[in-house]
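**Q** Take a look at the letters that make up each chain.
2 protein chains.
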Amino acid sequence: MIFYYAPQTVSVASHIALEEASASYEARAINFRETEQRSEHYLKINPKGRVPALVTDRGIITETPAILAYIAQTFPQAQLAPLDDPFAFAEIQAFNNYLCATVHVAHAHKVRGGRWVDDDAAIEAMKKKVPQTMAECFALIETEMLRGPWVMGENYSICDCYLFTIARWLEGDGVAIDQYPAVADHARRMRERPAVGQVMPLHEG
Amino acid sequence: MIFYYAPQTVSVASHIALEEASASYEARAINFRETEQRSEHYLKINPKGRVPALVTDRGIITETPAILAYIAQTFPQAQLAPLDDPFAFAEIQAFNNYLCATVHVAHAHKVRGGRWVDDDAAIEAMKKKVPQTMAECFALIETEMLRGPWVMGENYSICDCYLFTIARWLEGDGVAIDQYPAVADHARRMRERPAVGQVMPLHEG
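As given, the protein sequences belong to chains P and Y, one line each in that order. Under the numbering used here, the first residue of the first sequence is numbered 735, with each subsequent residue one higher. Under the numbering used here, the first residue of the second sequence is numbered 735, with each subsequent residue one higher.
Chain P with its partners taken away, still in its complex shape (with noise of 0.2 angstroms):
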């Protein structure tokens, strides 16, 4: 497999379950400051212009909740999600989805407005709000949503690859991690773990 990512963006988390999984694979960085992710060659990789993409042997995967619950699913001895138990699944991908529908789309309103509005005063306008909608999902993240000690309780998952991917963004969206002392825990024994120590260095660095 090719895992093409790019450095502190959301590709943290599928590649830290790559690592999780001791899967086999080569990971290639796409180069944002040079626009990369708009190049021709990227494009026909992921038409979407956007990272990560999987490259398999029978084709690519693209966004994080399919490529997570891809990797759980082809290695199944690495136990990151209960394949077997269609009710515990869907909860993995009902959290998965919230972080990426709502809690992604929250913070990407500070560096990437020009999505959705042309206008620099609204792009402003957007970033101003991003301290409250980060800390509005984090609040439900800590009261109703992370289990302990992990996620989903007891059994490590897909779903804390991802939450601690986007709880590093806190910092930079002017939300302190420390007013959620269970995101906070989480976050640091994440760094424990050896596939997060062989990971972050690529995005650290």
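To be clear, the hints were calculated from the coordinates, so they are not data collected in a lab. Each hint should be verified, as a subset may be incorrect.
Which copy is meant is left open, because identical chains are indistinguishable; a pair holds if it fits in one copy or across any two.
Stated by the list, open to error - DSBU-like mimics (lysine-lysine), calculated; alpha carbons at most 35 angstroms apart, straight line:
#1 Lys844 - Lys863
#2 Lys782 - Lys844
#3 Lys782 - Lys861
#4 Lys861 - Lys778
#5 Lys862 - Lys782
#6 Lys778 - Lys844
#7 Lys861 - Lys844
Predicted, not measured: the structure shown is a model, and the values here were computed from it.
Once you've looked at the hints, dock chain Y against the given chain P.
**A** What follows is chain Y alone, placed relative to chain P:
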């Protein structure tokens, strides 16, 4: 099961899938005009204050892609997803995720701008760009994603329920569906399905 929905919203997709699966469920409408989705009663069902939500005997599932995959997995005889093929399943998830996190989000900037800005001028600026962002999304769906006759090719799937639901929003978003002949044809064929005929009077009545 109890299916909480609101007419005309994204809950159409899960509603159709429940019918396709011949599931036994009770549909309960949430009144958005009276902001029932923010009522104390409903926030106990879904603390995110959104629809749809599916109450099962194990607990509650939220988020459209999670509900759709759950229906496909729980009613395998309906053949709404390739359940034994992780790659094909990932393709389904990637498609649904794009609708959820990119296309639905683009659309939401028309009527839910207050989620991301407080400023009235910025909300107006958001509305102005919706026809462009929705058109870009559907150009990609038309040329890169919709295989035909169904989204994933020969086999009807949960992706078709979802695409039909979101494509219905195009006209209101100022985009002519006929620019996308494959999407328009897909919508016509969806209308002929008994499950769609069953559900739509509750959403268009």
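**Q** My question is about Lys862 and Lys782: at a cut-off of 35 angstroms on alpha-carbon distance, are they close within one copy, between copies, both, or neither?
**A** both (27 angstroms within a copy, 22 angstroms between copies)
**Q** At 35 angstroms max between alpha carbons, let me know whether Lys782 reaches Lys844 within a copy, between copies, both or neither.
**A** both (20 angstroms within a copy, 22 angstroms between copies)
**Q** Pop the pair Lys861 and Lys844 into one bin, within, between, both or neither, using alpha-carbon distances up to 35 angstroms.
**A** Result: close both inside a copy and across copies, 4 angstroms intra and 18 angstroms inter.
**Q** My question is about Lys782 and Lys861: at a cut-off of 35 angstroms on alpha-carbon distance, are they close within one copy, between copies, both, or neither?
**A** Answer is both; intra-copy 24 angstroms and inter-copy 22 angstroms each pass.
**Q** Indicate which option fits the pair Lys861, Lys778 if close means a Cα-Cα distance not exceeding 35 angstroms: within, between, both or neither.
**A** Both: 32 angstroms inside a copy, 31 angstroms across copies.
**Q** Please work out whether the CA atoms of Lys844 and Lys863 approach to 35 angstroms or closer within one copy, between two copies, in both situations, or in neither?
**A** Both: 8 angstroms inside a chain and 17 angstroms across chains, each within 35 angstroms.
**Q** Between the shortest in-copy and the shortest cross-copy C-alpha distance, which are at most 35 angstroms for Lys778 and Lys844: within, between, both, or neither?
**A** Both, since 28 angstroms and 31 angstroms are each at most 35 angstroms.
In summary, this structure violates none of the numbered hints.
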